[in-house]
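Colleague: Sequence:
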Amino acid sequence: MSKPMYFRIAVIVLWLSMVAWLIRYEAFPEYFSHSIAGYRGMLTRDTILMDSWFKILFRGTEIGYSHTNMDINDDNMLEHYVINNRVHLVLNIGGSRINVHLLGTVILDITYNLSRFKFAFSSPALVYKADGVRENGDRFKVSVTAQADQTNTFHIIIPTDVILFSPMSATIMKHLRPGQQVVIRTIDPISMKRTTLLVRALRKEILSLHEHIEATVVSTEYNGITMKSWIDEGGNLLRQETPIGLEMRKCTPEEAFSAIAGTQNANEVLKVLLPLLFVTENKNDRN
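Count along the sequence shown from 1, then add 1164; that gives the number in this note's numbering.
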């Protein structure tokens, strides 16, 4: 596998673990045939009041957290709903802290249509930003910055019938029963091109997370990589595992912040993450 593809998959694994964005469902059309109605159905009071925290572990070692929240701008019709996801990873190398940040923002207008989206990834050796703004209809202007002096601007078409955010998609996934599956089209945050995910409901399990909770185990396949998620009957994400050893567990804000203490030895983390996070060549490859 080439380094650009390795980097792309690494970022997408991290990104899809935290924010499954720009998702369009191709199966179960009874759920997804109307985007506006679908968003109205998904933006329930529970979703609007959403404030979710997850600690991130690597092979059992806490290395960071993910925080998701949603705000409403009552005085702004074009940028009415603002959904944010922040990921902070901390590695301890020889007593020094290395911080890796991911930030995702999705902005909907008052009619639940996508107005703008942002994606940012930063580490000591790599900065990547993407900012998309609706210009007209389904046409978006996207600016991608790989380094401070390297900005590429182009246009893409994003259909109006999109589901933008993981708590929403998890809510929809609660309809899946073991043995059922759904094919999803999404957008690669590096190439800004469409790709395909396959989501399968595998089985029911009792998950121990402060208490015993019955959850549906769901697998997501992307480009040969399989991630597993545990979702409760209300559609809430409880736990997620990735094939490179990263894991998310639902937690309190206090538990999340304690996960970035940076006191754990990072040797094993570095063996897997640094080759993925610190690739700097061909970052604008859009194959």
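Hints in this document: simulated from the structure, not taken from any laboratory.
Careful, some of the hints might be misleading.
[As the list claims (entries may be wrong)] Okay, derived cross-link-like pairs now, DSBU-like style, lysine-lysine, Cα gap no bigger than 35 angstroms in a straight line:
{"hint": "1", "residue 1": "LYS1305", "residue 2": "LYS1392"}
{"hint": "2", "residue 1": "LYS1282", "residue 2": "LYS1305"}
{"hint": "3", "residue 1": "LYS1368", "residue 2": "LYS1357"}
{"hint": "4", "residue 1": "LYS1392", "residue 2": "LYS1282"}
{"hint": "5", "residue 1": "LYS1392", "residue 2": "LYS1368"}
{"hint": "6", "residue 1": "LYS1293", "residue 2": "LYS1282"}
{"hint": "7", "residue 1": "LYS1305", "residue 2": "LYS1293"}
{"hint": "8", "residue 1": "LYS1368", "residue 2": "LYS1305"}
{"hint": "9", "residue 1": "LYS1357", "residue 2": "LYS1282"}
{"hint": "10", "residue 1": "LYS1357", "residue 2": "LYS1392"}
{"hint": "11", "residue 1": "LYS1368", "residue 2": "LYS1293"}
{"hint": "12", "residue 1": "LYS1293", "residue 2": "LYS1392"}
Colleague: Check each numbered hint from earlier against the structure, then list the numbers of those it violates in ascending order.
Modeller: 8 and 11
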